[in-house]
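Protein chains in written order, with the numbering used here: chain A, 1 to 421; chain B, 1 to 364.
Any given hint could turn out to be false.
Said to hold, decoys possible - Derived DSSO-like pairs (lysine-lysine); straight-line CA-CA distance at most 27 Å:
| id | chain 1 | residue 1 | chain 2 | residue 2 |
| --- | --- | --- | --- | --- |
| 1 | A | K312 | B | K19 |
| 2 | B | K211 | A | K310 |
| 3 | A | K15 | B | K310 |
To be verified - To be clear about the criterion: a stretch of chain A counts as covered by chain B if any three or more of its residues have a C-beta under 8 Å from a C-beta of chain B, and this derived list gives those stretches:
| id | region |
| --- | --- |
| 4 | 224-235 |
| 5 | 346-358 |
| 6 | 376-390 |
No lab work stands behind these hints, which were simulated from the structure alone. For every residue, glycine included, the Cβ atom is placed at its ideal position computed from N, Cα and C.
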Amino acid sequence: MIDFTIPDDIQQQRKLFEMVARDVMRPIARYYDEHEHEIPWEYVNRMWPLVKMEWAQRVTRAERQLAGEKKEKKEQKSGKRKYYPNLQLVHMVEMLCWGDAGLYLCTPGPALAGFAIDAAGTPEQKVRLLKRFAEGDPKWGAMAITEPGAGSDVSAISTTAVRDGDEWVINGEKIFITNGWLALEASDGLVVVWATVDKSAGRAGIKSFIVPAGTPGAKVTKREHKLGIRASDTAALVFEDCRIPLDNILGSPEVQRREDKRGFKAAMQTFDMSRPVVAAGAMGVARAAIEFVKEKLAEQGIDIPYGVPKHKLSAVQRDVLEMEAQYKMAWLLTVRAAVMTDERQPNALQASMAKVKAGKAVTWITQKAVEILGPLGYSTEYLAEKWMRDAKINDIFEGTGQINTLIVARRILGYSSRELK
Amino acid sequence: MISFTPSEEQQMLIDTLHKFAESELRQQAHDCDENAEVPMSLIKTGWEIGLLPASIPEEYGGFGEGHSMITSVLALEELAWGDLGIALNMLTPALFAVPVLLEGSEEQKHEYLRRFCEEDFYPATAAFVEPLFQFDPFEMKTTATREGDTYVLNGEKAYVPLAEAADVMLVYANEGGQTQAFIVPRHTEGLSVTKRESLMGVRALPMYRLKLENVRVPAANKLGGEQGANFTRLLNYMRVATAAAAVGVARASYEYARDYAKERVQFGEPIAHRQSIAFMLAEMAIDIDGLRLMTWEAAWQLDKGQDATKAAYLAKLTADDVAMQVTDRGVQILGGYGYIREFPAERWMRNGRGIATLEGVILL
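Generate coordinates for the entire structure from the input sequences, incorporating the hints supplied.
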């Protein structure tokens with residue numbers, strides 16, 4: 001049954017995060033845009049208790065599993081009540097990015113690294129590795145995939161993991177790592193590092209390894225200066241004979257076999273979950289820009305009419321309507337992809353569709369906002385110019401618009417990566 | 001709770017209509033377009049599916065639980081996927097029946113809805129559009145003036161489907177600054193069909209110009225009775241229906257281009273192996289899915305009784321662009337074949353362009 005009802009608990013949660021976005025994030029947005037590399041403690045401290053609670057629940061679940069208890073049958077037991085963790089997540093991220101996209105990325109917690117561990121890790125790994133995010137001071141996790149020579153082409157990863165007795169020895173360089181410095185040096189966090197155990201095995205040789213903060217041989221070599229999302233930490237990492245315990249390879253013992261492709265597949269599948277989340281973040285920025293433009297136009301007595309024929313619209317009204325339409329389209333594609341994750345339906349196609357549309361929409365919408373606002377749009381007196389700079393990253397990270405378009409194209413045509421390069 | 005999956009019944013309807021569209025509409029679309037008419041036998045076959053009786057409650061002669069816009073948009077997409085011209089021909093009676101169902105008075109529902117539940121195709125229509133560049137549905141030039149127990153209608157209407165053959169029609173007119181609809185029997189004095197429209201697309205649908213010169217109807221013929229109808233609500237339904245038709249036309253063009261691109265070999269491999277083609281197809285697919293979701297959301301709001309004005313308007317604005325862009329690319333990907341009338345792509349482009357113009361002519 002087609003239904004667009006947003007569950008009550010998600011609506012309430014939106015209100016809570018709207019308060020954080022409006023009262024905590026917006027007032028400090030400009031400051032951290034201008035003070036790159038400073039940690040936004042006002043925001044971090046506000047979010048940390050919430051994050052801790054969330055991960056404490058996951059750790060408890062893993063502890064029960066470890067103790068031999070059967071998996072909770074929460075969903076079946078509670079009858080009609082359905083859970084939509086991914087839908088909840090996209091709503092939260094949309095709202096926080098409406099507050100500020102750069103600050104949102106500083107949200108403490110394991111983020112993508114956590115989801116990877118929670119999805120692919122053994123119960124023992126979940127408890128051992130995730131416990132730190134359920135207690136103590138704020139900590140961050142980071143996902144280290146990109147290398148100077150491996151961007152969209154993940155299979156070109158050249159960071160190596162070599163087994164030496166009871167340890168893995170990691171060597172290589174990772175770049176553009178969101179929260180890399182926060183995870184490795186500014187807190188007692190961890191980094192999930194993608195590395196190959198056998199270059200000749202191609203994708204099957206690529207596995208995920210967990211490098212905790214403080215591991216000798218792992219260090220941050222650079223903190224980037226960026227066009228936008230300046231509040232967010234983007235780091236270059238180097239691993240030099242970095243030794244980690246044998247069971248810090250993510251997943252069950254079979255995954256460690258060279259020819260087993262499941263490790264790579266599982267890792268790639270995290271994108272199906274994360275792309276709608278990134279798309280949702282884009283939508284938050286887009287909505288901020290649209291609302292601001294409408295507010296400023298209303299101050300000048302220009303309202304946006306819904307329902308009048310096109311010949312009665314001014315060019316500016318037409319632009320704003322187009323911005324709203326693009327927003328709506330991208331948001332609905334995002335929600336659909338997230339709901340599919342919750343329904344455990346394969347959604348690689350829909351996740352990439354949402355990502356393509358959202359990245360493109362937010363880039364265009366925020367550019368248009370700066371244009372419509374004229375001299376004020378271009379000025380740092382307002383946030384519009386910042387939103388335009390922040391927006392652009394959404395067309396780049398978690399797969400560029402082009403690589404996601406390629407994924408969509410392959411899926412709709414039924415082509416392999418060899419047939420459609 | 002939130003879901004993007006049609007119900008089982010809706011899925012059955014989609015499957016039925018898809019088969020019908022594939023085996024009948026697609027087969028006859030070319031000839032109907034060239035001959036500018038649809039054979040009555042085909043219209044009857046479509047009528048037998050019983051789309052209208054399915055949304056008319058039993059008390060008015062149907063067998064349905066009431067109107068569901070979600071079901072309507074699903075049906076419209078499938079039929080428009082088959083052929084927009086033929087689909088609109090079949091659905092013309094809905095231009096009368098659905099407004100009566102949604103906004104009619106009890107008397108009007110009892111009087112008229114039964115006629116759409118009979119075995120024979122009941123020709124009814126609506127006169128909405130006016131032949132003006134600056135046509136505005138909220139400021140119609142056709143006027144309705146109350147004189148005692150009657151309304152007097154004056155003005156000119158365009159794009160009136162099946163006006164010649166219709167038994168009764170709904171005429172939209174300006175009553176003191178408000179758009180209202182009036183039930184007018186076809187052969188009322190003063191109502192004349194002046195010519196058949198000759199249009200770029202949807203040629204299978206005969207549409208006409210009308211002249212109304214002091215056309216008198218009883219005051220009770222105002223849709224909704226004395227207090228009239230909520231025209232904005234009706235217009236929202238029409239906009240959502242038009243957007244749903246756009247999804248169908250665009251999808252037809254996209255699917256054909258996609259399949260063609262996989263078969264057409266140049267430089268030793270299918271042209272779909274090239275990103276220039278594959279990316280066009282990907283963008284078409286994304287826009288179609290996005291438009292469909294916008295249409296569904298607006299339809300859902302209508303079914304919920306919410307004010308769907310904004311969602312319906314944005315869906316329609318998007319539909320105008322998506323229908324045009326996708327069908328244009330559909331022609332482009334086929335290259336020379338896209339331009340030849342023997343192939344369907346150019347027809348879809350002509351029909352797709354109609355979406356921006358055909359508001360008021362599409363409803364279910």
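To see whether the hints hold, each was checked on the structure:
no. : hint             : result
1   : A:K312 to B:K19  : violated, 42 Å
2   : B:K211 to A:K310 : holds, 26 Å
3   : A:K15 to B:K310  : holds, 23 Å
4   : 224-235          : violated (count 0)
5   : 346-358          : holds (count 4)
6   : 376-390          : violated (count 0)
Hints 1, 4, 6, counting from the list given before, are not met by this structure.
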